[in-house]
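Chemist: Residues per chain, in single letters:
Protein chains: 2
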Amino acid sequence: MEKYLHDFNEIAKAYVNAIENADLREGARYALFPGGKRLRPLLMLATLADLGADYRLGLYPAFGLEMIHTYSLIHDDLPPMDDDDHRRGKPSLHRAFGEALAILVGDALLTDAFLMFSKAPLSPERIVLLVELAARAAGSGGMVRGQVLDLKNGDRCLGELEEIILGKTAALFRLALVGAGIIAGREELDDLAELAHWFGLAFQIKDDIADFETENKITHPVLLGMEEARNKFRECREKSLRIAGRILGKNEVYHLLERIL
Amino acid sequence: MEKYLHDFNEIAKAYVNAIENADLREGARYALFPGGKRLRPLLMLATLADLGADYRLGLYPAFGLEMIHTYSLIHDDLPPMDDDDHRRGKPSLHRAFGEALAILVGDALLTDAFLMFSKAPLSPERIVLLVELAARAAGSGGMVRGQVLDLKNGDRCLGELEEIILGKTAALFRLALVGAGIIAGREELDDLAELAHWFGLAFQIKDDIADFETENKITHPVLLGMEEARNKFRECREKSLRIAGRILGKNEVYHLLERIL
Numbered sequence: 001m002e003k004y005l006h007d008f009n010e011i012a013k014a015y016v017n018a019i020e021n022a023d024l025r026e027g028a029r030y031a032l033f034p035g036g037k038r039l040r041p042l043l044m045l046a047t048l049a050d051l052g053a054d055y056r057l058g059l060y061p062a063f064g065l066e067m068i069h070t071y072s073l074i075h076d077d078l079p080p081m082d083d084d085d086h087r088r089g090k091p092s093l094h095r096a097f098g099e100a101l102a103i104l105v106g107d108a109l110l111t112d113a114f115l116m117f118s119k120a121p122l123s124p125e126r127i128v129l130l131v132e133l134a135a136r137a138a139g140s141g142g143m144v145r146g147q148v149l150d151l152k153n154g155d156r157c158l159g160e161l162e163e164i165i166l167g168k169t170a171a172l173f174r175l176a177l178v179g180a181g182i183i184a185g186r187e188e189l190d191d192l193a194e195l196a197h198w199f200g201l202a203f204q205i206k207d208d209i210a211d212f213e214t215e216n217k218i219t220h221p222v223l224l225g226m227e228e229a230r231n232k233f234r235e236c237r238e239k240s241l242r243i244a245g246r247i248l249g250k251n252e253v254y255h256l257l258e259r260i261l
Numbered sequence: 001m002e003k004y005l006h007d008f009n010e011i012a013k014a015y016v017n018a019i020e021n022a023d024l025r026e027g028a029r030y031a032l033f034p035g036g037k038r039l040r041p042l043l044m045l046a047t048l049a050d051l052g053a054d055y056r057l058g059l060y061p062a063f064g065l066e067m068i069h070t071y072s073l074i075h076d077d078l079p080p081m082d083d084d085d086h087r088r089g090k091p092s093l094h095r096a097f098g099e100a101l102a103i104l105v106g107d108a109l110l111t112d113a114f115l116m117f118s119k120a121p122l123s124p125e126r127i128v129l130l131v132e133l134a135a136r137a138a139g140s141g142g143m144v145r146g147q148v149l150d151l152k153n154g155d156r157c158l159g160e161l162e163e164i165i166l167g168k169t170a171a172l173f174r175l176a177l178v179g180a181g182i183i184a185g186r187e188e189l190d191d192l193a194e195l196a197h198w199f200g201l202a203f204q205i206k207d208d209i210a211d212f213e214t215e216n217k218i219t220h221p222v223l224l225g226m227e228e229a230r231n232k233f234r235e236c237r238e239k240s241l242r243i244a245g246r247i248l249g250k251n252e253v254y255h256l257l258e259r260i261l
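So the protein lines, in turn, are chains A and B.
In this text, residue positions in the first sequence follow my numbering: the first is 1, and each later residue adds one.
In this text, residue positions in the second sequence follow my numbering: the first is 1, and each later residue adds one.
Don't read these hints as lab results, they were simulated from the structure.
Be a bit skeptical, because a hint or two may be false.
Stated by the list, open to error - Derived DEER-like restraints, expressed as beta-carbon distance ranges: (1) A:R29 - B:E228: 51 to 61 Å; (2) B:A210 - A:R95: 48 to 58 Å; (3) B:E238 - A:P34: 50 to 60 Å; (4) B:G36 - A:N153: 33 to 43 Å; (5) A:N153 - B:D82: 22 to 32 Å; (6) B:G36 - A:E258: 35 to 45 Å.
By construction, the Cβ of each residue, glycine as well, lies at the ideal position given by its N, Cα and C atoms.
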């Protein structure tokens, strides 16, 4: 994973340094660095390796994916949305740079993500498949749909809660995993999508169990009680590991998922 | 132009009707319909016709272009940006649907625009060129850059003003014109980009001359005086028509520009 992170950060740094406008450049730098765990790009690159492909084919797409994730956090933190003053241990972007620039840095990262997909060292056929996958995962049928469903507070049933998680969380894991399948030229994209589904649920339920004492929103522990939420988490975790083991072997992705979940 | 508008609206309607989430669907419908003059997509389709290509090849890209234009208006109208309560004779999207949904409808339109590019009935090579062009025109080096430069009020010189116009206005005309060149498989993309440059300037200066009495911002008439602004407009208009006549003949685009400018 060290070499993935190193190469990824080189591409991210080169992107930021090449932004001509100083406000946009410093806003993008603040949002992208030091960043979080880089889980989504690492998952894409590890999946490529497990599929027997050169991970370097996926560096630009992995950065595009991280840009989409980062833009979604920036817009989600804005006052009309979650109104979060902090992100990753520092003031959120709009607190540090103002709301107008935060909206625009988000817009720029989302737009420029598609430039990264277009730059991947792949056949045009595969780039078009990636662009389509990314737009579907992130747009009105994917991540944004999850954000819109999440705007409505108040009561929600388990089905609604899981729709939100599948949009807000699992959709970008689908871009990571199915994207790696496309880059590697593989056919078993449905299996990779299924892995993203269970992993996304497990990831979010684990998070919501950990935040149960501090968060004030409807989550699996709230709806099911802690015991049942833990059972549901374990079930999603086991499904994730079983599918990963079956389609990718007990290799990098398997161990990454084991460590995260 | 009637048939372009008809076919364009069919694609736009089908897109909106297929959005599963009702809030996103009605927000997108409100933003896209009845819409404005559809100038950018019409320019793309007319350019295709003048280049001897089937305009129907460009219907999805033309809609993607209009989606990008529409998202930029939605985000630009938000309170932290221009704080506009009205757009095209009705309440702006955030006044009608709330700020959170307005941010998300904008994000969805921008993201889904790239899905429209990927759906164009073109070779993968040309689709990748279109995606790259669109991301450059709309992103941190194009339209968003213009928006960021425009955030800074206060004094600005003519050079700064024209940088803003080239980003906020000319960049999407470049996507219309150069995009048509890519779709038609033509080589003279630099000429089409030059046409977008002069047309974008002429279009904005004309607008600023018309709004001189009502607007309270630095524009060509403010910086140059009305007489010189009119001269500058005429110069940009003539350059636009001359280039259009030279590369496209006195055909649809020429007459469209004559009518608009």
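Chemist: If a hint holds in the structure, say so; if it doesn't, say that too.
Modeler: To see whether the hints hold, each was checked on the structure:
1. A:R29 - B:E228: 51 to 61 Å: 40 Å, violated
2. B:A210 - A:R95: 48 to 58 Å: At roughly 39 Å between Cβ atoms, A:R95 and B:A210 fall outside 48 to 58 Å, so the hint is violated.
3. B:E238 - A:P34: 50 to 60 Å: 52 Å, holds
4. B:G36 - A:N153: 33 to 43 Å: Distance hint for B:G36, A:N153 holds at roughly 35 Å.
5. A:N153 - B:D82: 22 to 32 Å: With Cβ atoms ~29 Å apart, the hint holds.
6. B:G36 - A:E258: 35 to 45 Å: 53 Å, violated
Hint compliance for this structure: hints 1, 2 and 6 are broken, all remaining hints hold.
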